[in-house]
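Generate coordinates for the entire structure from the input sequences, incorporating the hints supplied.
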Amino acid sequence: MTPVDEWLQDLKQRGIDNFASVGLPRVLEEDWKYTNIQYLNDGEWELAGLPSNIKSPDWLVSGEVIRLCFVNGIYYPNYSELLELPDNNYIGPLDKALELEEVNVKDHLGSLVAKHSASITELNTANIKDGFVIKLSKLREPINVEILNINEGSDGQVFFHPRNLIILDSVSQVNLVERFIGDSNNTYFNNSTNEVLVQNGSNLRLYRVLGDGNNATTITNTVVSVGVESVFENLSLSHGGRLVRDEIVVNLDGIGSSAKLGGVYLASKDQHVDNTVLVDHKYPNSKSEQLFKGALAGSATGVFQGNIRVGENADGANGALTNRTVLLSEKARMNSKPRLEIYADDVQCSHGCTTGDLDKEALFYLRSRGIPLAEARSILVEGFLSEVLEHFDQSYITGLFKGVFDEWVLGV
Amino acid sequence: MPAVDETLDQVKSVEKYKYGFVTDIEAETAPKGLSEEIIHFISRKKNEPKWLLEWRLKAFERWLDMKEPDWAMIGYPSIDYQDAYYYSAPKTSEDGPESLEDVDPELLATYEKLGIPLHEQEVLAGVKNVAVDAVFDSVSVATTFKETLAEHGVIFCPISEAVQSHPELVQKYIGSVVPVSDNYFAALNSAVFTDGSFVFIPKGVRCPMELSTYFRINAANTGQFERTLIIAEDDSYVSYLEGCTAPMRDENQLHAAVVELVALENAEIKYSTVQNWYPGDENGVGGIYNFVTKRGACRGNKSKISWTQVETGSAITWKYPSCILQGDESRGEFYSVAITNNFQQADTGTKMIHIGKNTSSRIISKGISAGKSKSTYRGLVSMMPKAEKSRNYTQCDSLLIGSECSAHTIPYIESRNSSATTEHEATTSKIADEQLFYCRQRGMSEEEAVALIVNGFCREVLQELPMEFAVEAQKLVGISLEGSVG
Numbered sequence: 000m001t002p003v004d005e006w007l008q009d010l011k012q013r014g015i016d017n018f019a020s021v022g023l024p025r026v027l028e029e030d031w032k033y034t035n036i037q038y039l040n041d042g043e044w045e046l047a048g049l050p051s052n053i054k055s056p057d058w059l060v061s062g063e064v065i066r067l068c069f070v071n072g073i074y075y076p077n078y079s080e081l082l083e084l085p086d087n088n089y090i091g092p093l094d095k096a097l098e099l100e101e102v103n104v105k106d107h108l109g110s111l112v113a114k115h116s117a118s119i120t121e122l123n124t125a126n127i128k129d130g131f132v133i134k135l136s137k138l139r140e141p142i143n144v145e146i147l148n149i150n151e152g153s154d155g156q157v158f159f160h161p162r163n164l165i166i167l168d169s170v171s172q173v174n175l176v177e178r179f180i181g182d183s184n185n186t187y188f189n190n191s192t193n194e195v196l197v198q199n200g201s202n203l204r205l206y207r208v209l210g211d212g213n214n215a216t217t218i219t220n221t222v223v224s225v226g227v228e229s230v231f232e233n234l235s236l237s238h239g240g241r242l243v244r245d246e247i248v249v250n251l252d253g254i255g256s257s258a259k260l261g262g263v264y265l266a267s268k269d270q271h272v273d274n275t276v277l278v279d280h281k282y283p284n285s286k287s288e289q290l291f292k293g294a295l296a297g298s299a300t301g302v303f304q305g306n307i308r309v310g311e312n313a314d315g316a317n318g319a320l321t322n323r324t325v326l327l328s329e330k331a332r333m334n335s336k337p338r339l340e341i342y343a344d345d346v347q348c349s350h351g352c353t354t355g356d357l358d359k360e361a362l363f364y365l366r367s368r369g370i371p372l373a374e375a376r377s378i379l380v381e382g383f384l385s386e387v388l389e390h391f392d393q394s395y396i397t398g399l400f401k402g403v404f405d406e407w408v409l410g411v
Numbered sequence: 000m001p002a003v004d005e006t007l008d009q010v011k012s013v014e015k016y017k018y019g020f021v022t023d024i025e026a027e028t029a030p031k032g033l034s035e036e037i038i039h040f041i042s043r044k045k046n047e048p049k050w051l052l053e054w055r056l057k058a059f060e061r062w063l064d065m066k067e068p069d070w071a072m073i074g075y076p077s078i079d080y081q082d083a084y085y086y087s088a089p090k091t092s093e094d095g096p097e098s099l100e101d102v103d104p105e106l107l108a109t110y111e112k113l114g115i116p117l118h119e120q121e122v123l124a125g126v127k128n129v130a131v132d133a134v135f136d137s138v139s140v141a142t143t144f145k146e147t148l149a150e151h152g153v154i155f156c157p158i159s160e161a162v163q164s165h166p167e168l169v170q171k172y173i174g175s176v177v178p179v180s181d182n183y184f185a186a187l188n189s190a191v192f193t194d195g196s197f198v199f200i201p202k203g204v205r206c207p208m209e210l211s212t213y214f215r216i217n218a219a220n221t222g223q224f225e226r227t228l229i230i231a232e233d234d235s236y237v238s239y240l241e242g243c244t245a246p247m248r249d250e251n252q253l254h255a256a257v258v259e260l261v262a263l264e265n266a267e268i269k270y271s272t273v274q275n276w277y278p279g280d281e282n283g284v285g286g287i288y289n290f291v292t293k294r295g296a297c298r299g300n301k302s303k304i305s306w307t308q309v310e311t312g313s314a315i316t317w318k319y320p321s322c323i324l325q326g327d328e329s330r331g332e333f334y335s336v337a338i339t340n341n342f343q344q345a346d347t348g349t350k351m352i353h354i355g356k357n358t359s360s361r362i363i364s365k366g367i368s369a370g371k372s373k374s375t376y377r378g379l380v381s382m383m384p385k386a387e388k389s390r391n392y393t394q395c396d397s398l399l400i401g402s403e404c405s406a407h408t409i410p411y412i413e414s415r416n417s418s419a420t421t422e423h424e425a426t427t428s429k430i431a432d433e434q435l436f437y438c439r440q441r442g443m444s445e446e447e448a449v450a451l452i453v454n455g456f457c458r459e460v461l462q463e464l465p466m467e468f469a470v471e472a473q474k475l476v477g478i479s480l481e482g483s484v485g
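Chains A and B supply the protein sequences, listed in that same order.
Under numbering that gives the first Met the number 0, the final residue of the first sequence carries the number 411; numbering is consecutive throughout.
Under numbering that gives the first Met the number 0, the final residue of the second sequence carries the number 485; numbering is consecutive throughout.
What you were told as hints is all true, and nothing was included just to trick you.
Derived, one-sided and incomplete: chain B residues facing chain A with beta-carbon distance under 7 Å: (1) S405; (2) E424; (3) A425; (4) K429.
Distance condition first, Cα-Cα at most 16 Å in a straight line; then the derived EDC-like pairs of lysine to aspartate or glutamate: (5) B:K49 to B:E36; (6) B:K269 to B:D234; (7) B:K385 to B:D327; (8) B:K350 to B:D181; (9) B:K371 to A:E311; (10) B:K385 to A:E329; (11) A:K286 to A:E228; (12) A:K281 to A:E228; (13) B:K388 to A:D358; (14) B:K90 to B:E105; (15) B:K385 to A:D356; (16) B:K356 to A:E329; (17) A:K286 to A:D345; (18) B:K66 to B:D79; (19) A:K330 to A:D356; (20) A:K32 to B:E413; (21) A:K281 to A:D345; (22) A:K359 to B:E387; (23) B:K301 to B:D234; (24) B:K388 to A:E329; (25) A:K137 to A:D168; (26) A:K330 to B:E413; (27) B:K350 to B:E422; (28) A:K330 to B:E387; (29) A:K137 to A:E101; (30) B:K388 to A:D356; (31) B:K388 to B:E422.
Listed below are several chain B residues computed to face chain A (Cβ distance under 10 Å; list not exhaustive): (32) W70; (33) T375; (34) Y376; (35) P384; (36) T393; (37) I400; (38) H407; (39) I409; (40) S428.
Since the hints were made in silico from the structure, they are not lab data.
Glycine included, C-beta positions come from ideal geometry on N, C-alpha and C.
Structure below.
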């Protein structure tokens, strides 16, 4: 066994021990008050293997782009397209990164999540197998990366635990699209964890699409540390899965660091969608923005928990948080918990939160111009949600959103 | 600029905690500690019927099984519930004073000093048109204007008296809004409550004057556990105010009250609090631990309950006045100013539970933290499935003065009805340098400028107070922030 193997073995063992001592989170825990995942305790779960036939991928980003494909959480080189990068830079699968000394996965993997220890990330650590690693330094040119996760599941209950590591150092820039797609009705549990380090004037734009299959449970944890004068942007579009919990923890760990987080969530039938965000301002003049909007139909349940924390040293912090939800049916429900936790005095922080139906007057306006009710509602909902996208300027995201939204509206 | 002058005058008249004196009066106390015997002792003292004793014992039994809540953002050394007196009453010759003449002059002097006149003729002379129930440690010592109120059919008396004179009303409503096992402190209160006010407004009556209870903790090592019950029958109206003070002592004293309001069809209850318990000194020594459960039920259609609170005192405040909006078109309001300075900690807010159709609620909360204090707004707005077309508007603003204090906002918004609308806004900031500079430029001291700005910040809430108390509250704002700048 090599030293790296030994280290990984230890790390996984710690994950196993830590998870065994606490188990899955319960609704009695404040952070899980509105989302119950205890049903995952029913029955046995097995690590997923590759399905017999794998559909060919439809890539979203064109032009010069690095593509990595995972099927049921397993790296699938046949569909991946890697590019040559200058020395000391790496974009590729986790297992290869572990072998490369210059990538030095050892120093970073597990270090960020350790500060925000949650049982669900411990479960991920216990099962580390595949994932991707991005490590860039001093590459001024923006790099485009697309990660496609084709999640099919299989007969019986299977789970997989993608573990990804992103390190951007010294003025590196990455546009990263991460997609989960699943068309099957199989029962599977996708528990993905991202550890992200953006520092010294670097910039990461992360676009995530959570579209797992009808009976899937998707839990993602993204733990980010943003350093001096660096920027982290995240846009999540969540529309699939039986239960989705998208949790993002952003530590603003440097002077002048900033984070922009956006989210659009669509849910219908008995879907449950949970967006949980913590932005922790630890240094002066840090800035954060959060805008989450969603539409709930059927008997869907939405959850939004947003927290802005400003530490004692973070003078000059500026934080804003907005959550707006439209309830399109009688049985849809929304629980929202926007928090401010302020320990410094020279700050400007605010949050706003609304829940309600579509604007009656706007609806009347459209109908009086001969637009049928269903179409009028669809126009209004789309307009309402598009505000989030306007904050992020990537053309392929708008196109993708349009496609996802149109399909969703048909089913409502 | 008269408004500025007014504020300046008020700031100048600011004194340190002026209610911190101790009245030297002989008191009768129960033995220290909490046990079934003590509950029997209290019940015997009050000559209570059997059902009430059993009710207390049931609450005590439940309390023993409960755990002290730890979710609030407050920290304090664990309370030794056996190291306190649960009953303390000024000694009187007879069972109780029949009229004001029988009241110990020492007590009257105490209330005089607190600015609460108990002599009716003085009140009639136009000082204040308010009926007062004065509660001293565990008992009510005097209630004014009882006769005038009785002419209108209004019952306003200590709850221990109401248990004797109107047992059917007390039995019907007590514990119906806050059940005995609602929470740890409510259960404790149910077991050992000693006095408090009882108000009953009959059908169609608009209470002719403001009602007020003045709570005073005097004895050392004593907890105060009062219970207030207000019932407004159909088409009635009442405005009720409570005030509280305590001597300056180095030990912490426990205050765990329960307030229950019931508003029937088309009735309105306006409940205002100016809470000025001793907050502890500038090093955080002493002060009252204030754990209070307040809840109102809008049972009838078109009923309305409005809570207004000015929280300036107490070392710890744990208090969430709530409204259960059961009746259709009922309305709940919550206006709050919470000021913390030095080492004070406040975790306060409200709950609005919308059950009926077309119900509406409004929450305006202003938190001001200075020194090393911590202030938290914690609130719940819940739209139940049948709360069609209900509305809520919430606004929480926090102001930070100084770099060592903290302010938190933790709202919970749960909507289960698509036609209901909830709106929530919150901000946290400090006093802008430009505002301060503007005032300083015009010759105001820094402290005066801060008091002026803070008063403007809370005006929206202060103006909801009955007029007589609004001025008092404005002064309190200045006093509470003393020493927080410079």
